[in-house]
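Asks: Letter by letter, the chains look like this.
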Amino acid sequence: MSDIIAAYNGSFEGFLSLIFDLYKRKVFPNKICGKGEPVDLFSKSMESYVSDENATRVLKGIIDKSNKRTAKFIYEIFLSEQDGIEMKLLHLIRYIFDGQGYRISDFSDPIIVDLHRVKKMVGREVHRMHAFVRFQETKDNMWACEINPDFNVMPLIGKHFKDRYPAMEWVIFDTVRQYGIHYAGSKIEYITFEGDIIEKRISDESTTDAEKSYQSMWKQYFKSVNIKERNNEKLHQQHVPKRYWKYLIEKQN
Amino acid sequence: MGLQTIEKLAILSDAAKYDVSCASSGSTRKNTKYGLGNSKNMGICHTYTPDGRCVSLLKILLTNFCIFDCAYCVSRKSNDVKRAAFTVDEVVELTINFYKRNYIEGLFLSSGIFKSPDYTMERLVRIAKKLRTEENFNGYIHLKAIPGASEEMLYEAGLYADRLSVNIEMPSEESLKLVAPEKSFKDALEPMAYLKDAIADSKIERRKSKKAPKISPGGQSTQLVIGASPENDKQILELSGDLYTTKKLKRVYYSGYVPISEDSRLPTVDKTPVIRENRLYQADWLMRFYGFSVDEIVNDEHPDLDLEMDPKSAYAMRNLHLFPIDVNTADYHQLLRIPGVGVKSAKKMISGRRFSKLREEHLKKIGVIWKRARFFINCAGLTNTLLAQPINLISNSLKPARLQKKNPNQLTLF
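Line by line, the protein sequences give chains A and B. The working numbering puts the first residue of the first sequence at 1, with every later residue one more than the last. The working numbering puts the first residue of the second sequence at 1, with every later residue one more than the last.
Excised from the complex, chain A in its bound form (with noise of 0.2 angstroms):
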């Protein structure tokens, strides 16, 4: 028997639209391929297209089933982009419609295991993001910062920086995946741009003076608190990998 392979457009609805036509066609697939993966020729392969209907009717379907904390862990696990983990939602997702009691505290399937692995992963990506956004406060009053997340934790960090600077008018952009959030007093609304135009808000000429005097203080800050007698590298490095030095402040010289 060759492989069945299901193809979707790679967002989360598209991912539910996808499960609804599966149990539509009562057809399971062995691979599912995001967007832009390649379909291997030899097996058979289904498309599925993006409904809104068929994704809410979905997503209802597991919270009635389940619970929105469950609805909540799949989204979440989801949003980790990783090889196979859609494979992996559809053995949960067919647990919970099939009616068996829904397992999501089943610690002796792997698969489950494995989901609460990627959900810790996911939600350790959120913490640092809310610790790693460094915010920068340009001419025209906007605090603006640039991040680059494992993980496509954007949708998941905007509520805490709401509550946080509910009084400010604040910009987080993901530069590995090209899109933000922007903030100014009412709604966490999702921004696209062409081209760098965060980065040049975020540039000498385009910040305050203040911006800088208070960077200088913070890099000083983060020195002067260093015991330099019990330096450790290795752990240092641990706590904060190397990939995000990038957009923080205080690892700039």
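Any given hint could be a false lead.
[Stated by the list, open to error] A short list of chain A residues far from chain B (calculated; beta carbon distances all over 10 angstroms):
(1) 3
(2) 24
(3) 28
(4) 174
(5) 230
[Claimed, not checked] List time: in silico BS3-like cross-link candidates among lysine-lysine, alpha-carbon distance up to 27 angstroms:
(6) A:139 / A:187
(7) B:130 / A:162
(8) A:242 / B:17
(9) A:35 / A:24
(10) A:119 / B:364
(11) B:347 / A:88
(12) A:119 / A:68
(13) B:17 / B:115
(14) B:40 / B:129
(15) A:120 / B:30
(16) B:364 / A:159
(17) B:40 / A:119
(18) A:242 / A:228
(19) B:357 / A:162
(20) A:187 / B:33
(21) B:183 / B:250
(22) B:357 / A:120
(23) A:251 / B:100
(24) B:33 / B:130
(25) A:234 / A:223
(26) B:30 / A:159
(27) A:139 / B:33
(28) B:371 / B:344
(29) A:228 / A:212
(30) A:120 / B:347
(31) B:100 / B:77
(32) A:159 / B:40
(33) A:242 / A:223
(34) B:40 / A:251
(35) A:162 / B:40
(36) B:115 / B:130
(37) A:72 / A:139
(38) B:17 / A:212
It is worth saying that the hints were derived from the structure and are not from the lab. Yeah, the Cβ is synthetic: ideal placement off N, Cα and C, and Gly gets one too.
Assemble chain B onto chain A, guided by the hints.
Replies: Leaving out everything else, chain B in the frame of chain A:
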């Protein structure tokens, strides 16, 4: 003539860094509509310094001028260091501006003692009050409670701070007298006792009325300097255990002594092994989260923690008769006693085993440190025979890799 803020920052953060408390956790403070900041129960470390320590708060002294001459302290009167003092506004501005840039979770403010304890405490309180009432700041504030400050002042500090701490510094009265003749245990323990009651009262009041003020909602903590005086780990942990029970402290911090400069009153000590500090924290965790009592961790026969092995492994080696533990039937507290099993993996074991019998591969997936745990458990499909090995083989395997002997049984002839 006056120093620039950045110069003061360099001096007064350098002087504050030996206070190891870094937590921004344990308090939840919601933001207001147009306010700035909030406190999350879990705390956030915004960065880590090259020595591997977390930077969560703007940790500074208001001033390093001090009328005391405590030998362990870099800011002692007789030490020849550059002195500086922030103004109230400078501290407020720094806090707000660092916070807006998401550098920090809040402020940790301590101070040298100038003029009198109350005078100093009043300045610290004024800063916290200004941040809360004028700047609408809802981030985290940790204030030092200055020993000797009046109860009214401590109460007011509690109104604005998330956490208060009084440092005991030396782990015994004798050592304290030796290095800080002006100080006594009583000076630190009295404000702690007062705050314990004030915090407890405020919790009761708030149950009656949500309008009652919160007093230091994140509780209080203290710090002990380790390695500058001769106390053994048993004395240190007994003191911590006592503070956790009688003063309801949230945390005791252990600060390995870094010889700051020569002072003849201090016994010459080698640089305190970082590993000792680490073992003390592990032992502290066992007391707070794993249900261990002090005498299970250290006792007269073993007054010091084993530097080569974590305290739970050391406990297990002294109590081999309690093992192996069957992970499919043992209760939560028994699971926590297994080396290599943490709070999270114990909880996962409890929920996982409702679905099927736990086997070796499940345990590994759950996050159990198999290297250590394998000696001490039974699970489905595995009968433990490792415990029958000679004891030195087991304990050798529990040590960190770099300390393990390759062939512990082989005799060295030459």
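Asks: So, for every hint listed, does it hold in this structure?
Replies: Quick rundown of the hints versus the structure:
Under the 10 angstroms C-beta cut-off, the non-interface status given to residue 3 of chain A relative to chain B holds; the minimum distance is some 27 angstroms. Consistency note on residue 24 of chain A: stated as away from chain B, and its beta-carbon is indeed over 10 angstroms from all of that chain's, at 30 angstroms minimum. Look at residue 28 of chain A: its CB is around 23 angstroms from the nearest CB on chain B, clear of 10 angstroms, so calling it non-interface holds up. Distance to chain B confirms residue 174 of chain A as a non-interface residue, since its nearest Cβ pair spans about 16 angstroms, more than 10 angstroms.
With 10 angstroms as the threshold on Cβ separation, the claim that residue 230 of chain A sits away from chain B is violated: the shortest Cβ distance comes to roughly 4 angstroms. Annotation: proposed proximity of residue 139 of chain A to residue 187 of chain A holds, straight-line Cα distance about 23 angstroms (limit 27 angstroms). Distance restraint check for residue 130 of chain B and residue 162 of chain A: the Cα-Cα separation of roughly 23 angstroms lies within the 27 angstroms cut-off, and the hinted pair is therefore satisfied. Pair hint residue 242 of chain A plus residue 17 of chain B holds up; C-alpha atoms about 24 angstroms apart against a cutoff of 27 angstroms.
Between the alpha carbons of residue 35 of chain A and residue 24 of chain A the distance comes to roughly 22 angstroms, so the proposed pair stays at or under 27 angstroms and holds. Simply put, residue 119 of chain A and residue 364 of chain B have alpha-carbon atoms about 17 angstroms apart, close enough for the 27 angstroms limit, and the pair holds. Restraint check: the Cα-Cα separation between residue 347 of chain B and residue 88 of chain A comes to about 23 angstroms, which is no more than 27 angstroms; the hinted pair holds. Distance restraint check for residue 119 of chain A and residue 68 of chain A: the Cα-Cα separation of roughly 15 angstroms lies within the 27 angstroms cut-off, and the hinted pair is therefore satisfied.
The hinted pair formed by residue 17 of chain B and residue 115 of chain B meets the criterion: a straight-line CA distance of about 23 angstroms does not exceed 27 angstroms. For the proposed pair residue 40 of chain B and residue 129 of chain B, the alpha carbon gap of about 20 angstroms is at most 27 angstroms, so the pair holds. For the given pair, residue 120 of chain A sits about 26 angstroms from residue 30 of chain B by alpha-carbon distance, which is consistent with the 27 angstroms threshold. With a C-alpha separation of about 35 angstroms, the suggested pairing of residue 364 of chain B with residue 159 of chain A is violated against the 27 angstroms cut-off.
Proposed proximity of residue 40 of chain B and residue 119 of chain A is supported: the alpha carbons are some 20 angstroms apart, at most 27 angstroms. For the proposed pair residue 242 of chain A and residue 228 of chain A, the alpha carbon gap of about 20 angstroms is at most 27 angstroms, so the pair holds. Pair hint residue 357 of chain B plus residue 162 of chain A does not hold up; C-alpha atoms about 45 angstroms apart against a cutoff of 27 angstroms. Among the hinted pairs, residue 187 of chain A with residue 33 of chain B is consistent with the structure: their alpha-carbon atoms are about 14 angstroms apart, no more than 27 angstroms.
Between residue 183 of chain B and residue 250 of chain B, the direct Cα distance comes to roughly 23 angstroms. Compliance with the 27 angstroms bound is thereby established for this hinted pair. A distance of roughly 24 angstroms separates the Cα atoms of residue 357 of chain B and residue 120 of chain A; the hinted pair therefore holds under the 27 angstroms criterion. Taken as a hint, the residue 251 of chain A and residue 100 of chain B pair is honoured in the structure, with Cα atoms around 19 angstroms apart against an allowance of 27 angstroms. Restraint check for residue 33 of chain B and residue 130 of chain B: the C-alpha separation of about 18 angstroms stays at or below 27 angstroms, so the hint holds.
For a cut-off of 27 angstroms, the pair hint linking residue 234 of chain A to residue 223 of chain A stands: about 18 angstroms separates their Cα positions. A C-alpha spacing of about 13 angstroms is found between residue 30 of chain B and residue 159 of chain A, which places the hinted pair at or below 27 angstroms, so the restraint holds. The suggested pairing of residue 139 of chain A with residue 33 of chain B holds, with an alpha-carbon distance near 24 angstroms, which does not exceed 27 angstroms. Taking the CA atoms of residue 371 of chain B and residue 344 of chain B, the gap is near 17 angstroms; set against the 27 angstroms cutoff, the hint holds.
With a C-alpha separation of about 26 angstroms, the suggested pair residue 228 of chain A and residue 212 of chain A falls inside the 27 angstroms cut-off, and the hint holds. Between the alpha carbons of residue 120 of chain A and residue 347 of chain B the distance comes to roughly 15 angstroms, so the proposed pair stays at or under 27 angstroms and holds. Between residue 100 of chain B and residue 77 of chain B the alpha-carbon distance is near 36 angstroms, which puts this suggested pair outside the 27 angstroms criterion. Pair hint residue 159 of chain A plus residue 40 of chain B holds up; C-alpha atoms about 13 angstroms apart against a cutoff of 27 angstroms.
Among the hinted pairs, residue 242 of chain A with residue 223 of chain A is consistent with the structure: their alpha-carbon atoms are about 18 angstroms apart, no more than 27 angstroms. With a C-alpha separation of about 26 angstroms, the suggested pairing of residue 40 of chain B with residue 251 of chain A holds against the 27 angstroms cut-off. Restraint check for residue 162 of chain A and residue 40 of chain B: satisfied, since their Cα atoms lie roughly 14 angstroms apart, inside the 27 angstroms limit. Proposed proximity of residue 115 of chain B and residue 130 of chain B is supported: the alpha carbons are some 22 angstroms apart, at most 27 angstroms.
With a C-alpha separation of about 38 angstroms, the suggested pairing of residue 72 of chain A with residue 139 of chain A is violated against the 27 angstroms cut-off. Distance restraint check for residue 17 of chain B and residue 212 of chain A: the Cα-Cα separation of roughly 24 angstroms lies within the 27 angstroms cut-off, and the hinted pair is therefore satisfied.
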